[in-house]
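Residue numbers (the working numbering), protein chains in the order written: chain A, 76 to 428; chain B, 14 to 759.
Note that these hints are calculated values from the structure, not bench results.
All residues carry an ideal CB built from backbone N, CA and C; glycine is no exception.
Any given hint could turn out to be false.
Derived DEER-like restraints, expressed as beta-carbon distance ranges [claimed, not checked]:
id: 1; chain 1: A; residue 1: Arg77; chain 2: B; residue 2: Thr178; range: 55 to 61 Å
id: 2; chain 1: B; residue 1: His681; chain 2: A; residue 2: Gly356; range: 29 to 35 Å
id: 3; chain 1: B; residue 1: Pro436; chain 2: A; residue 2: Glu230; range: 47 to 53 Å
id: 4; chain 1: B; residue 1: Tyr163; chain 2: A; residue 2: Ser374; range: 44 to 50 Å
id: 5; chain 1: B; residue 1: Arg62; chain 2: A; residue 2: Arg376; range: 49 to 55 Å
id: 6; chain 1: A; residue 1: Asp125; chain 2: B; residue 2: Arg305; range: 31 to 37 Å
id: 7; chain 1: A; residue 1: Ser374; chain 2: B; residue 2: Asn85; range: 52 to 58 Å
In case you want the letters, here they are:
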Amino acid sequence: MRPISYSRADAVADAVAAVAADPTSDFLAGGTTEVDLLRQNVLLPRRLVDINDLPLAQIEDRPDGGLYIGALARMSEVAEAPSVRERFPMVAEALELGASAQLRHMASMGGNMMQRVRCGYFRDAASPCNKRDPGSGCAALDGFNRGHAVLGVGEHCIATHPSDVAVPLMALDARIHTEGPHGRRVYAIDDFFLLPGATPHLEHPLEHGELVVGIEVPGTPMARTSRYLKVRDRESYEFALASVAAAVTLHDGVIADVRLALGGVATKPWRARHAEDVLRGAPAGTGTFRRAAGAEFASARTTPLNAFKVELAQRTMVRILETLTGTGTPSGTETDAAPDTDTHTDPGREGQP
Amino acid sequence: MTTALAIGQPTDRVDGRHKVTGGAHYSGDMLPGTTAYAVLVGARAASGRITGIDTTEALQADGVLAILTHENLPKAAAQPPLIPSLAGMPAPGQTFFPFQDDVVHYAGQPVALVVADTLERAQHAGALLRIAYAETPSVTTLDQAREEAYEPEAIFGGFVPGRNTRGDIEAGLARADVRIDATYTFAANHHNPIEPSATTAAWDGDQLTLYDATQGVAATQLTVAALLGLTPSKVHVISHYVGGSFGCKAMIWAHPALAALAARHVQRPVKLALTREQMFTSVGHREEQEQRITLGADKDGRLTALRHHKLSPTSPFDDWAEPSLGVASQIYACPHYEGVYRLVRANTMTPTFMRAPGEASGMYALETAMDDLAHQLGIDPIDLRLRNYTDMDPNTGNPWSSTGLKECYRRGAERFGWHRRNPEPRSHRDGRRLLGYGMATAGYPVYGPNNPQRARARLYADGTAVVQAATPDFGTGVATVMTQVTADALGLPLDRCRFEGGDTTLPTIAAAVGSSGAGMISAAVHTAATNLRNQLVAQAIGDAQSPLHGADPATVTVRDGRMMLRDAPETGEGYAELLHRNVLPDVEATGAWSPSPESAHYGMMTFGAQFAEVAVDPDLGLARVRRMVGAFAPGRVLNAKTARSQLMGGMLWGLGQALLEANAMDPHRGRWVASSLGEYLVPVNADAPEVDIELIEVADKVVNPLGVKGVGEVGQVGAAAAIANAIHHATGRRIRKLPITIEDLL
């Protein structure tokens, strides 16, 4: 491991000043991703400023029914908070479906917003990677990219954004509060995560030394019945192949309002605005849901290995919308739950006996 | 023979408390003297040559003691051949030892060894090395090389012929009323025990001590001695605790010898522990493979022909394939058979044993084909298997030493509730989910060692006993089980017996591989302890002051450390009394056991039956296992708890094989894609269903003195097939690839 100097800050201004003054320094919070990447020589700071002593662990109610979550609140604390569970269940669900219990006890909410991608080529310090080493190329484009993104991708980077909790926060129009060398700033969450474009090494609009201090979640009554659905190969401790955060209000069977965001399929936490546009004002039902999901993925770009995620994510969207609206096939009936399954059989697969 | 009291009991592990309280010291915990730390640096390239290693910066880093490369590391004295470690000979995992020249054969091949005073400093210096390669195109996948496939003379270190036939396969197929012909593909797998491989090496003059995580201390000793040109007596190997292996510590890879070479170079003890990432490139793997099976059967489901071909990549050095065709060629009566291995050379290390090596893959293919056949003929899958039951090994015509297979089918089906299964696919539902029930046959060979297995038993004057044999305990519970065997053989309570192992100064035991450990070690321990008991009884009988003086030894029994006449228990004395009276501090006996010559006239196999219930969410492609039931006939069960745990571990490993475990090669770069447990998926608790196991004891007088057939691997065999067959039953879709993942089921 590279020699690294380490200090602890006990005031936000001190932490910001310390990191801002040294271009080879970084903040250290829970360290659940950062320490791995240091060990793998993916991140190469010479100095770490530990911010765990800063007074940023609050989970506060806001007058509008919203929340302010301090950047150092741990994932597990936020998931357990009654205000989160009651008013924003999709946030609690996303948190609890992420990482492992041990990691959730350590990982901070601010760190979650700043976490790096899980692309194997990014995390292998010697592979070409435009995110880690701008201009070196993208090994994932022709590499093993089963888990890579299909939305928001370009020819420079197809790494999937890994966060679960950022997905419901995207649906909730959360705001990210920062404090930096030039004072306090607030970002709409959609602006906080940048598309890779030609500059995949730039993931956030932050300047060096700018620290995430909190996450503001606006009051959103419809979120009280929201859900987060995560699909992955194993039942726990794995990043999403596709996930959906959703909140819906119905009026006489017509969708009055909807919030929909996607994880596991895009280069940033993905607000499904095309799908929302189709859904709003439309009658709730599987046909509407499929049309909405299809609209969102009309611009998907796939590789042979990850093409299945387009269909998987659409079905995940349909499933969560059916669940929230009480449409589709209810549980426990004798009818065929998947009338369309056979139409998706790979025609190249060997015939059945 | 005393009444068996301890054997079979679900005795807690004798070392359990030590392990969970941190009192157990593993090889990497051994830090004698001022131990230095070595770090291996693996090749980035998959094929080519090293054109330069710039060590300037690394050598200037703090704490660096040495940087060893092919330019300055002493050459190996000799390269021993690859022979599976059960044979008891030197057992290198591959016939390639790194650092001999500048050629790179596979990514991750060790190209530098950095030694420093701390681990972190060694790692940092390793990152400062500038290694230049002249790369050549690599071949790492079947798809890149299938045109170059060849048929080897033999595989598996020469122990398994490349081709096996009986009868006339074409005639058998021609006679068939129905045929099943399909190809099955398998992703490569890695073992990933919780403890990565580690060796600490310390020299005292020309005497080398190695603390090594290994399945066989003698295998480490003989392999390192050969590579370093030492006489084996100069290499002392200690391995008291091993944190799992599953085959990756069954053969001896480069790191123990490299640790010894590094320690000699820096004249300090050196610890060399592989990183988790290096566990994917340093200790072998289960190879990627394709198998094609053609089954022919008459209209009643009786097999007329079985053709089973396998294609897999091996290293540039060795003709290695796991013997996937073995049990699949023996499990059913079938007059006409053809099994052929084909290999392609690839830029990988030599694959190796991994739990149920060959059986796990070969029986997946066969048992999937059998399920196809049952479906096509409209025969119940269990009934189909019973129609093809064989009471002899079809390859040799020798009768099974014991079976229990029919009982396994019957009891497994009862416990599972197989009769509730409607054979029609897609006929069972739970809301949106489709439910499926599948089953498969399990079988695993009973391997015997080539050489005598030895143990030593000693009784002290305080009435306690110790039995010693060189085997390490790599998590199987062997120390616990051998304590039970000792207690019964000596007629002592369990708490007065102790087992010591894991040290080459103790009587030699071959590497405990191939589920052979319990059988061969219990045989040696039982023989030694029985010899000691007989010696003590004889001494009492010959002792004029003993109440047993002049008795017929056949009439003497021992219970609770007291020798007595079976028909007059009041006549007798304790071991301790005998020793005290004769001023003996201890009495000792040795024992040795080899498989009996008559065992060559039997087929020897552990049988079982696997059942699985799977729920599939057809919209989301999610298959989750709800229940597993296994019934196994492992001969005599030495410890009901550890046996059940091993079988359960095997069945859950089968779940991982079925649904999760996979590594892929990036063909453009010649490197494994997954190099951590975050990327290489194994089941977590949330994936593990209820597992119900029935142990069916069968008497076997052939395999070894206690009739033990082994439980380490048979639990995995057939588990993946049972799950895949359940997925077919649930969905009507036959997936012939492992693992079966979401994209297969969407």
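Status of the hints after comparison with the structure:
no.: 1; hint: Arg77/A <-> Thr178/B: 55 to 61 Å; in the structure: holds (59 Å)
no.: 2; hint: His681/B <-> Gly356/A: 29 to 35 Å; in the structure: violated (48 Å)
no.: 3; hint: Pro436/B <-> Glu230/A: 47 to 53 Å; in the structure: holds (52 Å)
no.: 4; hint: Tyr163/B <-> Ser374/A: 44 to 50 Å; in the structure: holds (48 Å)
no.: 5; hint: Arg62/B <-> Arg376/A: 49 to 55 Å; in the structure: violated (39 Å)
no.: 6; hint: Asp125/A <-> Arg305/B: 31 to 37 Å; in the structure: violated (58 Å)
no.: 7; hint: Ser374/A <-> Asn85/B: 52 to 58 Å; in the structure: holds (57 Å)
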